[in-house]
Amino acid sequence: MSEITLRVNGKTHTVDVEPSTPLLYILRNDLGLRGPRFGCGLGQCGTCTVLMDGRAVRSCMRPVERVNSEVTTLEGLSMEGELHPVQQAWIDEQVPQCGYCQNGQILTAKALLDENPDPTDAEVRTGMNGVLCRCMTYYRIQAAVKRAAEVMATGEAGSSERGVDR
Amino acid sequence: MKWTPHASTSLDDALAPWEGATSRRDFLKSSGLFVLGFGATGGAGFIASANGQRPNGDTAPYPEPDFHDLDSWLVVHEDETAVFYVGKTDGGQGTGTAIRQMMCDELDIGFDQTTLVMGRTDLTVDQGGSGGSDAIERDGTVARRVAAEARRALFELASDRLGVPVDGLNAREGVIFSNANSSKRVSYGQLVGGQRFDVILTGANVNAITGIAPIKSVQDLRLVGQSIPRYDIPAKVDGSLEWAVDVNLPGMVHARNVRPPIVGATLVAIDESSVRDLPGFIQVVNRGNYVAVVCEREEQAIEAAQKLEVEWASPEFAPFPSSENLFDYLRNTTPELGGSARDNGDPEAAFADAATIVTAAYDVPFQGHTAIGPAHGIADPSDGQLTIYTNDMKPYSLRTGVAEFLGIPAEQVRVIWMDGPQLYGRTAADDAGFEAAFLAHELGRPVRVQWMRHEETAWDTKGPAFAFNLRGGLDAKGNVVAWDYRARVANYAHVGYNEPDTVLIAQLMGIRPERPSPGGARPPDEMYAIPNRRHETQVVRFPQAFETPLRTGNLRDPNGPQTTFAGESFIDEMAAAAKADPVEFRLRLLRGSQEDDAAFRRTRSIAVVEAAADAYGWTPRSAASNVGTNRILTGRGFAYAYRISTTIAHVVEVEVDRETGRVWVKRMVCAHDCGLVINPDGLESTIQGNLLHGISRTLFEEIQFDEEKVTSVDWRTHPTITHMDAPDQIDIVIVNGDPNPDRPDLPPYGAGEPSHRLVAAAIANGIYDATGVRLRRIPFRPEQVLDALDT
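Keeping their order, the protein sequence lines are chains B and R.
Under the numbering used here, read the first sequence as residues 463 to 628, first letter to last.
Under the numbering used here, read the second sequence as residues 766 to 1556, first letter to last.
Not the full set, but computed from the structure, chain R residues with beta-carbon under 7 Å of chain B:
1. G1004
2. G1138
3. D1479
If you are wondering where the hints come from, they were derived from the structure by calculation, not from laboratory data.
Values in this document were obtained by computation on a predicted structure and should not be read as measured data.
Think of the CB as a built atom: it goes at the ideal place given N, C-alpha and C, for glycine as much as any other residue.
Required output: the full structure, derived from the provided sequences and hints.
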C-alpha cells in the first residue's frame, strides 16, 4: 500500500492503496462517488467512464499510479448546482431507463461535443459507439447529443421535438 | 480482525439518502407517531432502530405490511404531501411515475405533492415485485382503488368538518371544497395529516384489494394520459442517486465468487495458501461446489478470486452438447415431456387435399440477460437481523427464499429494492442476493458481492433455445387450410424466482428440487382463422439438469420472441408461396372469423395491422418481388402478434450489405394497442427499448458453449446492439383502445414485452424482401448472412 494523491472534481484526495488499483474502485469505495460504475472490468462497455484531460477514459482499466491529471466524474460535470447542457438534454429527452450505463454515455457525449461541437448523425454514432446500453436507449441518447450540441451552440434550449428532428 | 456490529444509527444514515426528505421515517421521527402506514410492531421496531434501541431476541422486527390496511398504502402528511407505497419495482420503464399519476388522479392531489416508495418488504405491501408487464394493468388498478378509497374517507371527514354533504363537495390538488361555496374548504393535511385513516379494505388477496369507492371514469382522469417526466431521471443524470450497487456500510467487506471451470465439476481441494498473503485477505468460504473469497477491499477480492488455486474433478459426462450441435441435439433427442394445445379441425386430411405445402425449420439459440451491470447484492446481519439491498425485481420472494435457505424466520429478513441494471425477468440478481445473505450470515458482518463480467454472461439464467418445424397447407386460391407447428425447447429445468433450491448457490451446494420444472411455451399468439391446426411443444433435457449455466429462466417476454419468430416468419413464407402481399395475407386470415373475445383482440389486431401499414406507407406487393442488384439491398418486413390483451404490428425497413453481410434496421414502425395509456412518453420509451432489444437479440445475441462450459464471457464473445445499429427512425403509433367508438374505453393492458416479441420475424421478413433469401436461424450476424446469401 502507498499513499497516492488524486485530484477529483476540483478537490485533492489522498488514499492509501496499492498503486496498481484500478481508479474505479478508489473513486467508488474511497471517495464515495456513484457516477462511475463497474460494468465489465475489461474496458469494453464504458459504464466506468471518467474524464481526464478532456478525454473519456475507462476507469476500470486505469491503475491509479497512471492517473496524471485531474479526474472529472459525472458528479463533477454540473457547475454550482447548474446541470451541464448534456445532462439537461438527457432530462429533456427523458433518455435513461435503468440508467446504469448513462454515466458513460453522458461523459462520452461531453467529450465528443467538446472536440466536435456540431457532429453529424454519423459522427454521433461513431463517437458514442463504444458505450453500451442494455436498455438500448441509443435512439434517445443520439437525440440528446444532437439537442445538447444545439443548446451549446446557441446557448438556448433546443426546440427539436423528441425523435422527430434528429 | 474482529468486527463490531455498527450502531443502528449508521444503518439509518445509510438509508437516509435513499428515502428522501419526506420519507415515512423522517415523518415518524418528527411527529412522534409510529403507527401510520404500517403495523405497530414494525413501526416500533423501526423507530427503536432509529434510536439505536432495536429490541433483540424473538421480537419480529420486519413483518409484512397488511394489505387490508389503507394506511399501508398511503400516508398524508401535515405539510400537504402524500407518500404512496407500492410493492412494485421500476426497472426504468417509468412504472413508478405512471402509478403515481394514477394514484394522484384518484386522490385528487398534485403530482408534485406526492412521492412513491417501491419494493421495500418492511414498508410496502407484497405485490410480488415486478414481472409480466402487468404493473399498470393489474397493480396500477389496485393502486387506483386504494387511492379512491382514501379520497372517499377524506370526503367523509370533510363533510363533517364543513357541514356539507359529500355529494356537494369536490377536490383539487389536495383541497376539498364546497361546490356551492368554494370558500368552505379544508385540506387533506388538515384532515388527516399525521394520522391514520383506520380504513380496512376488502379483497381475498392483494390483487383484489378494494374499498367502497369506485374508481373514476377515464374522462375524469387529469394526469393519466399526460407525459409527466419521470421522477427518477434527474438523479440518474447528475450522479446523486444511490443505487443498490453503491450501498457502502461501515465494516462492509467484499466478496467474489469462484465458479467451477467445467460445468458439473466437483471440488476436490482449495489451496488457501495461494491467497492468504494477499493484501486484505479475510476468508475463503466454501460449501459443496460453492466457493467465494472475501477481502477488505473490492479490488482485493477480485484479485484473490483470480488467484485462488482450486482443484476440481471433471464430471464423467459432458453436461450439454456444444452450441454448434444444439439444434441437431434438440431435434434428434427423445423429448422428456410433451404437450399439445389449441388444436382444431383435421390437419392431416387438410394437408392431403392442399394444393401447396410449405415447410420450414427455424432455430433460436440460448440468449441471456447479460445485464450491463453484473449481478450484485449487499447483506447486513446487524443485530441478528438481515437486511438485503438489491435491484432484484422480486424483493418479496428474495426475502422468503433467503429466510428458508438460511433457516431463519422471514420476520428477521427485510429486502430493500434500489435502482440497478435492467430487470427483464429472472436475472442473477436473485442469485447474488442469496450469496450476499449467505456470506453475511457466515461472516457475521456486512458483505457486498458482485459478479464479474464473465460470470454474468456465462452463468446468468438463459432464455431457452428452440428448434421449430412448421408445415402449412394452401388451397388453390392461396388460403391457409392447414397448420402444423412442432417446437422442441431446451427448457427442462426452468428456474423460478428466488427458490431456495434452484438459485445457483443452492445448486452448487448440492441442494436440488424434488423434480425439475419444465418451462412451458405457448404456440405463437395470433388471431388467424385457420380451420385445421395442430401445435406441439416438447421439452428436451440435457445430461446436466442442475448446477448449470444453461439453466433457463424468464427473459423479457419469456418464449414470445422465439415462438413469434417461427410463427410470423412462417406466415410470411406462406404469403410468399401464395404470391400474396404479406399485409393483405394477414388481414385475410384475421378477417376469416367473427369470433372475438372480451378484449376484442381480433378487432384490435386488425386495427394495429392496418395502422402499421398506413403509418409506414405500405404499398401492396408480394415480398421479394423486387430484389435489386446494388451492394446495399433494401426491404421491408411485416409482423403481427398479440400478448395477453395487447395487440401489436411492426413494419421494419432493413438494409442488407451484400459485401459485409451487415444488416441494419433503418426504420421501424410499431402500431401498439395496450388500451388506456397512462404516460405516452413513458410508453414510447418502453417500446423503443423493447424494439432495440429485439434487434439486438435478432442480429447479435447468442450464448455459445462447448461441451464443457459457456464460451460467451464478455462483450466481444457476446456482442450486443451498439450505437451504430440504432435505427434512423422509429415511429410508434399508439392505437389507443377499442377502435369501435360504440364501445367504452378499454382498461390499460400490459406494455413493454408485447412489442418485443415480433421484432425478429419482422426483420427476417424484411431481409427476405430485400434479398429473396430466408434467414431461419437467429442471430443474423454478418457471417451468417453472407453464408446464406452465398447459398
